[in-house]
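Take the given structure of chain L and dock chains P and Y to it, following the hints.
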Amino acid sequence: MKILTGNDLKTGDVTWWTGSDWSRHVEDAVDVGDNFEALLHEEEAARRVNVPYAIAAEMTDDGPRPAHIKDRVRALGPTVRPDLTLKPADPEAGNWVI
Amino acid sequence: MYQYDKYDQQMVDTRVAEFRDQVERRIAGELTEDQFKPLRLMNGLYLQLHAYMLRVAVPYGTLSGKQMKMLGHIARKYDRDYGHFTTRQNIQYNWIKLEDAPDILADLASVEMHAIQTSGNCIRNISSDQYAGAAADEIADPRPWAEILRQWSSFHPEFSYLPRKFKFAVIASDEDRAAMRLHDIGIQLVHKDGELGAKFFVGGGMGRTPMIAPEIRDFVPANELISYTEACLRVYNRYGRRDNKYKARIKILVHELGKEEYTRQVEEEFAHMKTLGIDPPVEELARITEFFVDPAFEAGASDNLDLSDPDFKLWVEQNTVAHKKNGYTIATISLKPRGGIPGDASSAQIDLMADLAEQYSFDELRVTHSQNIVLPHVKKSDLYALWQKLDEAGLAPANLDLITDSIACPGLDYCSLANARSIPLAQKISERFADLGRQRELGELKLKISGCINACGHHHAGHIGILGVDRKGTENYQLLLGGSAAEDTSLAKITGPGFSEDGVIDAIETVTNVYLEERKDDERFIDTYRRVGMERFKEAIYG
Amino acid sequence: MVEAIRFREDDVHEEPAVSLDAFLDQSNATAVRIEAGEDARRLLPMLDRLALIEVDFPAFGDGRGYSAAQILRESGYVGELRASGDVLVDQIAYMRRCGFDSFAPDAPIDPKVMEKSLSLYDDVYQGTTDNRAPIWKLRHG
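Protein sequence lines, in the order shown, are assigned to chains L, P and Y. The numbering used here puts the first residue of the first sequence at 1, with every later residue one more than the last. The numbering used here puts the first residue of the second sequence at 1, with every later residue one more than the last. The numbering used here puts the first residue of the third sequence at 1, with every later residue one more than the last.
FYI, nobody ran anything at the bench for these hints, they're computed from the structure. Just so it is clear, CB atoms sit at the ideal spot from N, CA and C, and this is done for glycine as well. Some hints could be false.
[To be verified] Computed footprint of chain P on chain L; a stretch qualifies when at least three of its residues, placed anywhere within it, have a C-beta under 8 Å from a C-beta of chain P:
| no. | stretch |
| --- | --- |
| 1 | 2–14 |
| 2 | 47–54 |
| 3 | 69–83 |
[To be verified] FRET-style restraints, in silico, Cβ to Cβ:
| no. | chain 1 | residue 1 | chain 2 | residue 2 | range |
| --- | --- | --- | --- | --- | --- |
| 4 | Y | Ser119 | P | Ala434 | 35 to 45 Å |
| 5 | P | Ile494 | Y | Asp39 | 32 to 42 Å |
| 6 | Y | Pro16 | L | Gly19 | 51 to 61 Å |
[To be verified] Keeping only pairs whose Cα atoms sit at most 27 Å apart, straight-line, the calculated DSSO-like set for lysine-lysine is:
| no. | chain 1 | residue 1 | chain 2 | residue 2 |
| --- | --- | --- | --- | --- |
| 7 | P | Lys66 | P | Lys379 |
| 8 | P | Lys97 | L | Lys87 |
| 9 | P | Lys165 | P | Lys493 |
| 10 | Y | Lys116 | P | Lys97 |
| 11 | P | Lys274 | Y | Lys137 |
| 12 | P | Lys199 | P | Lys259 |
| 13 | P | Lys77 | L | Lys87 |
| 14 | P | Lys6 | Y | Lys137 |
| 15 | L | Lys10 | Y | Lys112 |
| 16 | P | Lys97 | P | Lys69 |
| 17 | P | Lys77 | L | Lys10 |
| 18 | L | Lys10 | Y | Lys116 |
| 19 | P | Lys37 | Y | Lys116 |
| 20 | P | Lys389 | P | Lys77 |
| 21 | P | Lys37 | Y | Lys112 |
| 22 | Y | Lys137 | P | Lys199 |
| 23 | P | Lys97 | P | Lys165 |
| 24 | P | Lys472 | P | Lys245 |
| 25 | P | Lys6 | Y | Lys116 |
| 26 | P | Lys472 | P | Lys247 |
| 27 | P | Lys313 | P | Lys325 |
| 28 | P | Lys428 | L | Lys87 |
| 29 | P | Lys37 | L | Lys10 |
| 30 | P | Lys472 | L | Lys2 |
| 31 | P | Lys493 | P | Lys247 |
| 32 | P | Lys472 | P | Lys538 |
| 33 | P | Lys97 | P | Lys77 |
| 34 | P | Lys77 | P | Lys66 |
| 35 | P | Lys247 | P | Lys37 |
| 36 | P | Lys380 | P | Lys313 |
| 37 | P | Lys389 | P | Lys325 |
| 38 | P | Lys380 | P | Lys69 |
| 39 | P | Lys97 | L | Lys10 |
| 40 | P | Lys199 | P | Lys274 |
In isolation and in its complexed conformation, chain L is listed as follows (with noise of 0.2 Å):
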């Protein structure tokens, strides 16, 4: 499946697409196909979204989780700073990454 990512413009959070608006969780993130681009070009030009873009992921029983793990590392936080991580109390949140 792809995902849609970006950042918040004023923030720098991550973020990713729902369907309806932007999320920081990667768990809201939805099935965009094959057709975004418009979708990607009307958000960023909104300024809703910074430089977004898609990334391949699959649906598991978490929730989408991104192919790469550039992008699951972009998704949770620092595999190396659990505590600054979204999920700083959940042990198992970097074998997720991982």
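Below, chains P and Y without anything else, positioned relative to chain L:
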């Protein structure tokens, strides 16, 4: 150290106002990201893996306690309570908001700091020897020359859209502590007929195609420094490749033209530049040099040290070097604790180091390109008290230049360019070799880790280098041996096929065992490697 | 193409700019256009014949034109020196410092933003062909 006059202050203040305006226009949509990107890069603001990242300039790695405190303040107020010291003597913050960036720059300007040109295709921070002004072997303090170049390069209208980034290093000793030959322009101050001048090396660099800079000119006097440098830059701006981002550095131009032809073009341009009146008078260098005179060293300070505390003794032996002045020493604070993240410091540690600098080092600190901090002027009689305070704060690992004093780029944990994580590797190696006795047995062993081919971790210049790559979607690590960033500059060679994370750590252990078997007399690792050759190590690693 | 921006008092030069090769062939052209990769020094022997030199910026990140402009001014060219192409408002101040006195941008430029950017910095660190006294000169006279 240098103090801004009203002109310098006005420049940074104006830049803050200019950037604030540009940010407002970006947020309002008057600038697209493509148009805004070079502007924010010229103020050190990247859009990175997790958020915006700000790289603050620490000119030639020198800062005061007050400035260090501001870096701690920024970490606390605007970021997540820590900063990362880099291989170009700067500091990076990983969790910055665009809307805060102008305020951060304003805070920096209030203590004579900035983030000007720490990114982008322009002239970057000018780095120097972390022992400048304290080392016994320098012929002069290189930093006034670095300061002249810093001012000349700031807001330079002709050279702000170069083919690619441009990095200078300036040293003033035969021992090269700043990786000078691996810069776009490396300068060594030398004497000729009693006059101080600059020897120029042009075309060094790491990245995808590492190269050692050849000597282009043996002597440029102070009153021609700017016109000669302009000539070097103008040839590059006009003829550097712009067709391929990975072939756009000056090292490629010098390599493709050949050193002789590049030199000839520079000399031709220089002959023209010299006539334009763009060189500051020697009074300007003299004015700047005044800021770099010796601090008020105590005459007759005692050279004795009580080394009865064994941990203190280890730290003194490893982390301090001789100062030019009797009774004083140069101390390195290692930011490589066991299992820690190389180069990271919490805001509390940053504040402590600022206090210690004020109390024990004439209010001066240095950032090294190996991601450590130096207190350049510590009285020996103060050293024990200093060490105790460092030790209490986890800032006294006695591992300067040992295998656990590794350089590591932020890697895939932080950087969108990376192919593999570098920090966990550094941490695991640090644990594997934690025993200090074993580290000291191995001696000087410079380990450098990059998470991708851009080589920000300087792996080409490591005695042992590691390059993280992406092998069919999995992190994989190549092992390199035999590089050096010192005056015996050499580029490391790859050993063979790559390894998993655990595999490369085992391979490093094998390499160190070979060294111990083969070593003669006091050979360092790099000496044994050079004498014995790659094959011996390769056989042991791959069987 | 939008209206050109000029910082000159004289009349707009009417003759069209010919290419560098064409100029070097022709004896009567008075306006020439150099592409980013062309060598401005080829014009030096004929500067007195030129009333207008246009330097192209194919992409605003291609900084070769800044050096071309400096080279032309350093050699005494006093005619119109125009930056054309991908010229954005945030580059104009540096272009002025390098000697450009007119601009033909592909996209419109906000005049208010431009005015502000041109008057922002009181001083400059380095000497260029705009002949502003650099800070080191203000310090030492």
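Here is what the structure says about each hint:
A stretch counts as covered by a chain when three or more of its residues have a beta carbon under 8 Å from one of that chain; for the stretch 2–14 of chain L and chain P the count is 7, and the coverage holds. With 3 residues bearing a CB less than 8 Å from a CB of chain P, the stretch 47–54 of chain L meets the requirement of three and the coverage assertion stands. As drawn, the stretch 69–83 of chain L meets chain P at 9 residues by the rule of a beta-carbon pair under 8 Å; at three or more, the given contact holds. Taking the beta carbon of each, Ser119 of chain Y and Ala434 of chain P are about 60 Å apart, not inside 35 to 45 Å as hinted.
At about 41 Å, the CB distance of Ile494 of chain P to Asp39 of chain Y agrees with the hint of 32 to 42 Å. With their beta carbons about 54 Å apart, Pro16 of chain Y and Gly19 of chain L fall inside the hinted range of 51 to 61 Å. Straight-line distance between C-alpha atoms of Lys66 of chain P and Lys379 of chain P comes to about 21 Å, which keeps the hinted pair within the 27 Å bound. Only pairs whose Cα atoms come within 27 Å are accepted, and Lys97 of chain P paired with Lys87 of chain L is accepted, the gap being roughly 20 Å.
Pair hint Lys165 of chain P plus Lys493 of chain P holds up; C-alpha atoms about 25 Å apart against a cutoff of 27 Å. With a CA separation close to 26 Å, the supplied pair Lys116 of chain Y and Lys97 of chain P stays within the 27 Å bound. The hinted pair formed by Lys274 of chain P and Lys137 of chain Y meets the criterion: a straight-line CA distance of about 17 Å does not exceed 27 Å. Between Lys199 of chain P and Lys259 of chain P, the direct Cα distance comes to roughly 15 Å. Compliance with the 27 Å bound is thereby established for this hinted pair.
Note on Lys77 of chain P and Lys87 of chain L: the hinted pairing holds, with a Cα-Cα distance of about 22 Å set against a maximum of 27 Å. As the CA atoms of Lys6 of chain P and Lys137 of chain Y are separated by approximately 14 Å, the hinted pair is consistent with the 27 Å bound. Between Lys10 of chain L and Lys112 of chain Y the alpha-carbon distance is near 25 Å, which keeps this suggested pair within the 27 Å criterion. With a C-alpha separation of about 21 Å, the suggested pair Lys97 of chain P and Lys69 of chain P falls inside the 27 Å cut-off, and the hint holds.
Note on Lys77 of chain P and Lys10 of chain L: the hinted pairing holds, with a Cα-Cα distance of about 17 Å set against a maximum of 27 Å. Proximity of Lys10 of chain L to Lys116 of chain Y is assessed by CA-CA distance (about 24 Å); at most 27 Å being required, the pair is judged to hold. Of the pairs offered as hints, the one joining Lys37 of chain P and Lys116 of chain Y holds, with about 20 Å between alpha carbons and a cut-off of 27 Å not exceeded. For the suggested pair Lys389 of chain P and Lys77 of chain P, the alpha carbons sit about 25 Å apart, so the restraint of at most 27 Å is met.
Between Lys37 of chain P and Lys112 of chain Y the CA atoms are separated by roughly 21 Å; this keeps the pair inside 27 Å, and the hint holds. For the proposed pair Lys137 of chain Y and Lys199 of chain P, the alpha carbon gap of about 26 Å is at most 27 Å, so the pair holds. Between Lys97 of chain P and Lys165 of chain P the CA atoms are separated by roughly 24 Å; this keeps the pair inside 27 Å, and the hint holds. With a C-alpha separation of about 24 Å, the suggested pairing of Lys472 of chain P with Lys245 of chain P holds against the 27 Å cut-off.
A threshold of 27 Å between alpha carbons decides the hint, and for Lys6 of chain P with Lys116 of chain Y the separation of about 22 Å falls inside it, so the pair holds. A C-alpha spacing of about 25 Å is found between Lys472 of chain P and Lys247 of chain P, which places the hinted pair at or below 27 Å, so the restraint holds. With a C-alpha separation of about 21 Å, the suggested pairing of Lys313 of chain P with Lys325 of chain P holds against the 27 Å cut-off. Of the pairs offered as hints, the one joining Lys428 of chain P and Lys87 of chain L holds, with about 23 Å between alpha carbons and a cut-off of 27 Å not exceeded.
A distance of roughly 14 Å separates the Cα atoms of Lys37 of chain P and Lys10 of chain L; the hinted pair therefore holds under the 27 Å criterion. A threshold of 27 Å between alpha carbons decides the hint, and for Lys472 of chain P with Lys2 of chain L the separation of about 19 Å falls inside it, so the pair holds. Restraint check for Lys493 of chain P and Lys247 of chain P: the C-alpha separation of about 21 Å stays at or below 27 Å, so the hint holds. With a C-alpha separation of about 24 Å, the suggested pairing of Lys472 of chain P with Lys538 of chain P holds against the 27 Å cut-off.
At most 27 Å may separate the alpha-carbon atoms for a hinted pair to count; Lys97 of chain P and Lys77 of chain P meet this at roughly 11 Å. In summary, the hint linking Lys77 of chain P to Lys66 of chain P is supported, as the alpha carbons are separated by about 16 Å, within the 27 Å threshold. Straight-line distance between C-alpha atoms of Lys247 of chain P and Lys37 of chain P comes to about 21 Å, which keeps the hinted pair within the 27 Å bound. Distance check on the hinted pair: Lys380 of chain P and Lys313 of chain P sit about 13 Å apart at the alpha-carbon level, within 27 Å; holds.
At most 27 Å may separate the alpha-carbon atoms for a hinted pair to count; Lys389 of chain P and Lys325 of chain P meet this at roughly 24 Å. A C-alpha spacing of about 25 Å is found between Lys380 of chain P and Lys69 of chain P, which places the hinted pair at or below 27 Å, so the restraint holds. Simply put, Lys97 of chain P and Lys10 of chain L have alpha-carbon atoms about 6 Å apart, close enough for the 27 Å limit, and the pair holds. The hinted pair formed by Lys199 of chain P and Lys274 of chain P meets the criterion: a straight-line CA distance of about 18 Å does not exceed 27 Å.
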